[in-house]
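Chemist: Now for the letters of each chain:
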Amino acid sequence: MPPRTLKDELIEAAQQLELEEKEREDAALSEEQRKTAILAATLIDLSRDMRRPGSSFSEAGRIDRLLRTIKEG
Amino acid sequence: MENFRSFYGEHTVLLSEDDTRRVTVIHAENGGGKTNFLNAIYWCVTGRFTPRFNQPSALINKTAASEGLRQCAVELTLKTPEELKEIQYTIRRTAANGRENTLSVFKIDAGNATPIARPDAFLTALFPPGLVDWFFFDAEAIGSLSLSGGDEFKRDIRKVLGFELVDDFLLDLSKVIVKLQREIGTLSRNARIKELADELSNVQQIIPVIENDLQGKRQALSGRRSEIDAIRAQLASLPQSKDLERRRVATEQRKQRLSSEKNRIIEDYSQLLGRSAPAAVLLGLVDQLDGKLQDEEVKGRLPAPYSDQLVKDILDSARCVCGRPVEPDSTEFTCITDLLKSATTTEINSKLSDIRYLIRTIERVSSEYPDLNRTAITRRTAVETQLAECESELRDISLELSKINQAEVARLEDGKRKLDSEISQIERSIGAKERELEDARRAQSALKSEIDNATRTQNISKSLSKALERAKSVESFVKEKLRRQESQSLKIFQIELNTVLQRTFTKGYRAAIDPRDYRIDLFDSQNQRVPDSTGEGQVLKFAFVSTMVALAAKKTTAKVDWMVPPTVAPLVLDAPFSALDKTYQGEVAKNLAVQTTQLILMISSAHWDTAVERNLRETTGKRYLFISNDVGARGDKPLKVITIANREYPMNIYDADVDGSSIEELPL
Chain A
1 MPPRTLKDEL
11 IEAAQQLELE
21 EKEREDAALS
31 EEQRKTAILA
41 ATLIDLSRDM
51 RRPGSSFSEA
61 GRIDRLLRTI
71 KEG
Chain B
1 MENFRSFYGE
11 HTVLLSEDDT
21 RRVTVIHAEN
31 GGGKTNFLNA
41 IYWCVTGRFT
51 PRFNQPSALI
61 NKTAASEGLR
71 QCAVELTLKT
81 PEELKEIQYT
91 IRRTAANGRE
101 NTLSVFKIDA
111 GNATPIARPD
121 AFLTALFPPG
131 LVDWFFFDAE
141 AIGSLSLSGG
151 DEFKRDIRKV
161 LGFELVDDFL
171 LDLSKVIVKL
181 QREIGTLSRN
191 ARIKELADEL
201 SNVQQIIPVI
211 ENDLQGKRQA
221 LSGRRSEIDA
231 IRAQLASLPQ
241 SKDLERRRVA
251 TEQRKQRLSS
261 EKNRIIEDYS
271 QLLGRSAPAA
281 VLLGLVDQLD
291 GKLQDEEVKG
301 RLPAPYSDQL
311 VKDILDSARC
321 VCGRPVEPDS
331 TEFTCITDLL
341 KSATTTEINS
351 KLSDIRYLIR
361 TIERVSSEYP
371 DLNRTAITRR
381 TAVETQLAEC
391 ESELRDISLE
401 LSKINQAEVA
411 RLEDGKRKLD
421 SEISQIERSI
431 GAKERELEDA
441 RRAQSALKSE
451 IDNATRTQNI
461 SKSLSKALER
471 AKSVESFVKE
481 KLRRQESQSL
491 KIFQIELNTV
501 LQRTFTKGYR
511 AAIDPRDYRI
521 DLFDSQNQRV
531 PDSTGEGQVL
541 KFAFVSTMVA
551 LAAKKTTAKV
561 DWMVPPTVAP
571 LVLDAPFSAL
581 DKTYQGEVAK
591 NLAVQTTQLI
601 LMISSAHWDT
611 AVERNLRETT
621 GKRYLFISND
631 VGARGDKPLK
641 VITIANREYP
651 MNIYDADVDG
661 SSIEELPL
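Protein sequence lines, in the order shown, are assigned to chains A and B.
Per the numbering used here, the first sequence runs over residues 1 to 73.
Per the numbering used here, the second sequence runs over residues 1 to 668.
Same shape as in the complex, but just chain A (with noise of 0.2 Å):
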């Protein structure tokens, strides 16, 4: 077996910043944080999406939108 280079163990070190990352993340989530996180999702593309250059929301409207789809949950 070739030995380990400098790239081999930079490539380990990535991966394993990946893999302890999402652990944490996993195991970090109750239920009602799974249901933040989602809502938390919807938000950020819905917030996205209103303003995106051409979107006919203004700031007023967009609270408004985020604000009736915190109310629904």
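No lab work stands behind these hints, which were simulated from the structure alone.
Even glycine gets a Cβ: it sits at the ideal position worked out from N, Cα and C.
Heads up, a few of these hints could be off.
[Stated by the list, open to error] DMTMM-like, lysine to aspartate or glutamate: derived pairs with alpha carbons at most 25 Å apart:
| hint | chain 1 | residue 1 | chain 2 | residue 2 |
| --- | --- | --- | --- | --- |
| 1 | B | LYS479 | A | GLU18 |
| 2 | B | LYS159 | B | GLU480 |
| 3 | B | LYS341 | B | ASP354 |
| 4 | B | LYS479 | A | GLU32 |
| 5 | B | LYS159 | A | GLU59 |
| 6 | B | LYS462 | A | ASP64 |
| 7 | B | LYS507 | B | ASP581 |
| 8 | B | LYS466 | B | GLU486 |
| 9 | B | LYS491 | B | GLU152 |
| 10 | B | LYS159 | B | GLU469 |
| 11 | B | LYS159 | A | GLU18 |
| 12 | B | LYS466 | A | ASP45 |
| 13 | B | LYS179 | A | GLU59 |
| 14 | A | LYS71 | B | GLU199 |
| 15 | B | LYS194 | B | GLU469 |
| 16 | B | LYS194 | A | GLU72 |
| 17 | B | LYS479 | A | GLU12 |
| 18 | B | LYS481 | A | GLU12 |
| 19 | B | LYS481 | A | GLU20 |
| 20 | B | LYS479 | A | ASP64 |
| 21 | B | LYS466 | A | GLU20 |
| 22 | B | LYS554 | A | GLU21 |
| 23 | B | LYS472 | A | GLU31 |
| 24 | B | LYS107 | B | GLU10 |
| 25 | B | LYS491 | A | GLU20 |
| 26 | B | LYS559 | A | GLU59 |
| 27 | B | LYS472 | A | GLU32 |
| 28 | B | LYS507 | B | ASP521 |
| 29 | B | LYS462 | A | GLU72 |
[Unchecked claim] Cβ-to-Cβ under 10 Å is the rule here; a few derived chain A residues that face chain B:
| hint | residue |
| --- | --- |
| 30 | ALA13 |
| 31 | SER47 |
| 32 | ARG52 |
| 33 | SER56 |
| 34 | GLY73 |
Please arrange chain B on chain A, whose structure you already have, making use of the hints.
Modeler: Frame of chain A, contents of chain B only:
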């Protein structure tokens, strides 16, 4: 392109969209149209030109103009992912003599072309002004690209990586929360909550205004500094002024070092004060305390003539030191037992010892303070004197430069002085604006806290309470995830950047990113910082750009699960290798090709060598040649030829129909 600059008539260039062969190579000699092509794209997208673009007002091709044509145009077709599919846009910008340039953008969806209402805003969102220079640039630009970090640099990177969009969302969400709190205030008839919510809403409106203002000032500052750099470069090149300019550079570097030293001295002095001031203040009290330990309440106990152990020994042995028996419950027993009240104990002795040690420490520290203070002041005075000398020397140099009997030098120096003055003013106003922003943020925090406290005690409807709780949970969740993603992406960035450098360099260089201001430094195997201006420093810049693109496009080994997809744009590079050491060109070309999603490279024959060709062979999807056309006869003029894949192609033509550039697609 239609009659744009050196391109007479209509020319269409299809750029490679192949995922595995994502490089479009354009071969052209100097003057062959590379910079015009780069600027065709740059201008179409931004309405501006790169710094090296000469005569930006003369866009219409000369031959076309002589034929009476009064307009030129550039049209760019691009695809961008939207709502899980790819949408095509066509951007068309025209320039006409004596009339405003026009811009139109169309969205092409299922064969239907829909005009975009605000094309400028659309393009600004797609290619944010601070970012476009990262993706479309020429060799000189890579030279001036600075990795020294700072607020603007950090903001640009965060924009590319999509973090700014998350910030925008959090801003929207904070306004949603205020709105909910206002509703609660209204429904619970609590005027105070409503009042606080209104106040918070006002502050939230003001903060982005201040931030924009601050950004504008920082950009103005950056612009002025670039102008000064340009002036200094010119002064350094003129025979009459270059020596003086060199002296000025050396003096300013010395001034910079002295300023850093002064800051360190000030910091050390603050620490000295922190350590010594309490001791100096307490010294007077300590004298009194020491005195009190000798008498008053500790008289008879400190130092007590006997310890509790002696008393216990007497009681245990039932015999006094004088020899008389001490029977339990006898008068002698009671008297001896009473002595315990005034005996010294091990704990008391230990505490006494501690107190005395503290007193001695306070005395020692406060006695050392005058000398340390004198030394610190002497050091600071010495540095300040040297700084003043530097200032004086710089003023003398400026005066000498302005006296040089050469109009150009005097003009440049005068220009520099004006810019220096403007920079001072801008820096002062930035300081004031930063303080204003800090105050506004503090006020925002305080108001949020006050509203939270007031809301907690209210009787509010369950649904409103749940909505508020949800909003705050999302806010905390997103803030924490953003913080982690930012940290994670920097770590991945650093690992990936070092992987690229490790492939390029034979020696052990490594890069380090400062998470505070995103400053990137390169260190050699001796852990010495490598300057930007070296060949290795230039490689770092290329590696930085390509790694950033790769990180955004999820082409790195470790990937970030972005909350908002980052900006992924093609790289369009004009003569990128002219500023790069030949040793590194091949590997840099390969890294660029592998890490980007689409790469358009414009290269002259001087930089098209074996290493570059070999490293791009597998990833090149389209190849073009820009040919210089000259209507004149060849005469003694040279005929330039480029060899690609063992075939020769002429790069210039004489006796042509029109002057300018023509485009030929070449086989791969």
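Chemist: Keeping to a limit of 25 Å between CA atoms, is the pair of LYS194 (chain B) and GLU72 (chain A) held or broken?
Modeler: holds, 23 Å
Chemist: Holds or violated: are the alpha carbons of LYS466 (chain B) and GLU486 (chain B) at most 25 Å from each other?
Modeler: violated, 30 Å
Chemist: Would you mind confirming whether the straight-line C-alpha gap from LYS491 (chain B) to GLU152 (chain B) stays at or under 25 Å?
Modeler: Holds, because 20 Å separates the two Cα atoms, which is no more than 25 Å.
Chemist: Would you check the hint for LYS479 (chain B) and GLU32 (chain A), treating anything up to 25 Å between C-alpha atoms as holding?
Modeler: Holds, at about 17 Å.
Chemist: Hold the hint about ARG52 (chain A) up to the distance rule: shortest CB distance to chain B must be less than 10 Å.
Modeler: holds, 7 Å
Chemist: For LYS179 (chain B) and GLU59 (chain A), compute the direct alpha-carbon distance and say whether it is at most 25 Å.
Modeler: holds, 13 Å
Chemist: Regarding the pair LYS466 (chain B) and GLU20 (chain A), is the alpha-carbon distance no greater than 25 Å?
Modeler: Not satisfied, since the Cα-Cα distance of roughly 33 Å exceeds 25 Å.
Chemist: When you check the alpha-carbon spacing of LYS507 (chain B) and ASP581 (chain B), does it fall within 25 Å?
Modeler: holds, 15 Å
Chemist: Against chain B, run the beta carbon of ALA13 (chain A) and see if the smallest gap drops under 10 Å.
Modeler: holds, 6 Å
Chemist: Would you check the hint for LYS472 (chain B) and GLU31 (chain A), treating anything up to 25 Å between C-alpha atoms as holding?
Modeler: holds, 17 Å
Chemist: Would the stated hint for SER56 (chain A) survive a check requiring a Cβ distance to chain B of less than 10 Å?
Modeler: holds, 9 Å
Chemist: Under the criterion that the straight-line Cα-Cα distance not exceed 25 Å, is the pair LYS159 (chain B), GLU59 (chain A) satisfied?
Modeler: holds, 20 Å
Going down the numbered hints, you'll see the structure goes against 8, 10, 17, 21 and 26, while the others check out.
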